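Turn these sequences into a full structure, and let the hints steer you where they fit.
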Amino acid sequence: MESLVKFVQDEFVTKKELPEFSAGDTITVYYEIKEGNKTRTQFFRGTVIQRRGSGTSETFTIRKMSGSIGVERIFPVNLPALQKIEVNKRGKVRRARIFYFRGLTGKKARIKEARR
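Per our numbering, the sequence shown starts with residue -19, numbered consecutively.
No false leads were mixed into what you were given.
Here are the simulated DSS-like pairs of lysine-lysine, each with C-alpha atoms no more than 30 Å apart in a straight line:
| # | residue 1 | residue 2 |
| --- | --- | --- |
| 1 | K18 | K64 |
| 2 | K(-5) | K44 |
| 3 | K72 | K(-4) |
| 4 | K72 | K87 |
| 5 | K87 | K69 |
| 6 | K(-5) | K14 |
| 7 | K(-4) | K92 |
If you are wondering where the hints come from, they were derived from the structure by calculation, not from laboratory data.
Just so we're clear, the structure is a prediction, and the values are computed from it rather than from any experiment.
So this is what it looks like as structure tokens:
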């Protein structure tokens, strides 16, 4: 049964061409918002905390600071409203999921830029 679900996902779900990014990278996600009968593009710029899942169920979590409050948002990779992703900075971290980043403030919350 599981292989049948995987086959259907691979065949019928369209994959988007996304740039390579991982935890620690600073990215900007442009996505479409529908308000009534109008649509507009909004962006969310922040640091990737994690990438989770595989295939069509893959998601990534982004964290940004809005004033002194941390805001996190989870985006599915195959979200139809997702327009594009820009990688602003590559970060050098040692973990795939940087949840410790939530507790850091000030200069401790900086991530070194990776030289790639």
